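Student: Sequence:
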Amino acid sequence: MTKLSALKTDPKCNVRISNHIRDGKPTTQLFQGVSTLYEGLRRGAQVSNNGRCLGYRCPPVQKSTPYTWLNYNEVIRKSEMFARGLVPTFCPPGQQTYIGIYSQNRPEWVISEHACYVYSMLVVPIYNTFGLESVKTVLTETALPVIVIDTIDKLEFLIKTRTYFENLKVVIVMDDIISCRPALKAEADKEKLVIMTMKDIPPKPSSLAAICYTSGTGGSARGVLLTHANFVANCSSMKAHKNLLFTSDDVFFSFLPAAHTFERLMESAMLMAGGSIGFFHGNVHLLGDDLYHLQPTKMACVPKSDLYFLIFRRIICDDTLWDCLLFKKIRNYFGGKLKMIICGSAPCSAEALTFMRIAMGCLIVEGYGCTENTAAACCTLEGDYETGHVGPPCPCNKIKLIDIPEATTIGLENAGEICISGPTVFQGYFKDPESTAKVLDKDGWLHTGDVGVWTKRGTLKIVGRKNSLFKLPQGEFIAPEKIENVYSRSQFIFQIFVYGDNQHDHLVAIIVPDFNNLKPTLQPVLGPKAESLFEICVHEATITLIKHDMHEKAAAAGLNHVEEVMFFLDTAQYVVRFNYVFKVKKITLFPEPFTVENGMVTPTLKMKRIACAKRFATEIAEMYNKP
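Throughout, the numbering used here is defined as the position within the sequence shown, counted from one, plus 1210.
Treat the hints as calculated values from the structure; they're not laboratory data. None of the values given here were measured: they were computed from a predicted structure. Misleading hints may appear alongside valid ones.
In silico DSSO-like pairs for lysine-lysine, Cα to Cα no more than 30 Å straight-line [to be verified]:
#, residue 1, residue 2
1, Lys1763, Lys1795
2, Lys1757, Lys1379
3, Lys1449, Lys1400
4, Lys1400, Lys1379
5, Lys1836, Lys1757
6, Lys1549, Lys1676
7, Lys1796, Lys1824
8, Lys1816, Lys1449
9, Lys1729, Lys1346
10, Lys1549, Lys1449
11, Lys1763, Lys1676
12, Lys1273, Lys1346
13, Lys1235, Lys1652
14, Lys1729, Lys1652
15, Lys1414, Lys1379
16, Lys1757, Lys1729
Please model the entire structure based on the sequences and the hints provided.
Tutor: Here is the structure:
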């Protein structure tokens, strides 16, 4: 049992800070003299003695293809040359210029990013998985003059939709794809688009570094304005962890989207420390080959990512009991040198977190934060093996909880909305002062919309989203994420969407089964006839099995709690049983996973509840209409 992890500084406002804050002020720098990402890369070059910086596997990638490396000075030289090619020919230097990067993770992504920092220009990262509407929103709002892309498909898309983006003048492609399709050059010329193949003004700490568009769980994405100081301060949070500090000997595996601030935070800290970054080459089926050749020491992942499920679904299913006990195969799969995994972006179940710690044989920490505070606000500490929390506040920020009346109604005494202050808090939403005012108060506190509660040890436990709470007709408030996390522990459930409203007295759910675990279990019942996933979903045996397992998980978590209340009326004694409605009553199985492409989840794999409710409106109505 570790000692209290967070200090309460003011009982009146319930503000918590990290034990690593000595003078009452949040940390702002990871390394002395590094106050911008521009300076961070150059420090990395110095402390690594011009060591390996960015690694990639040259296509066509085969099993034996090794990593090729660019050293730090090469990366700096390429970024400076790229910057000088942009300025002043295509865009003026300074904070008024925005450059888009629309690509999967690769060395050119980081080179393009740091080219912008050479002239204090702003990076606008665009998720590789963004659809037409999201890309239109980003390009229209920011009026990008230049965008950097990686594939011919994206070039074709930009040419076809040129009428939406009147300010776009230059498209820079990372590879020589024009030679493959010379007709595209003529089409681009018609649309007045310049197609290119890939005096310093270093930024100040207060200079904006990027406009990062949120993944948008409730509606359209919004541009989050982040400065160099925001990023650098968030990197300083690693001071709280002896083994979280990156060194020039570390190798980081870049797998999460580079547009995600969590991934960019990790990469920025690695570059400051002089470590090496190797990039995922793009084919998840050959992910093991990347890890084998790279042999990373540190990496980041989010629950329900492809990387996460490779640990639990693919490797374990193929292992013998003896191998599972030793876990040697799993560790070798990840290169055999992994020292730490950082989990973030979404809650990790207790079972999964415990298993990962045992199986991987390395330090695993779980963090909490959001784009608006540049990524990390809390992180679990080394030596703390308890689950169900995200650790104390990072030393770069302060946290307080403000009252939510509904929280007590659902049995969450002392819970409140999580608010964050400190040098990591964003500057506002791009061209959206109204939305900024809703989340950023006059004292500089960011109101996250997340609901949390302090544990007895001073760590923060995440309950759900404030705007996800809803009330049933009998008056109970429901936190659907809490219930979904319970049912997600079932080996037969891959994804679940819990729904309720004020018109119905019980909950229903849309479930995507985990067919890898479901098929072997039901094979004796289903037989060879049930070939399609749809047939498996509608089979009574499938529904019965999943319901039974859900019942067990609900009982173990206390969702089946029943309370008896005794009262008297006209001398007669009555006992009323109140069955708490946190349990899902009816389910519908859906054969296709919730994905970014079908609009059910964000690029960071968070559920879009409004979109799910609209998509499954018919199924939800049918469940409520059934007797």
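Student: Broken hints, numbered, in rising order?
Tutor: 2, 3, 6, 9, 12, 14
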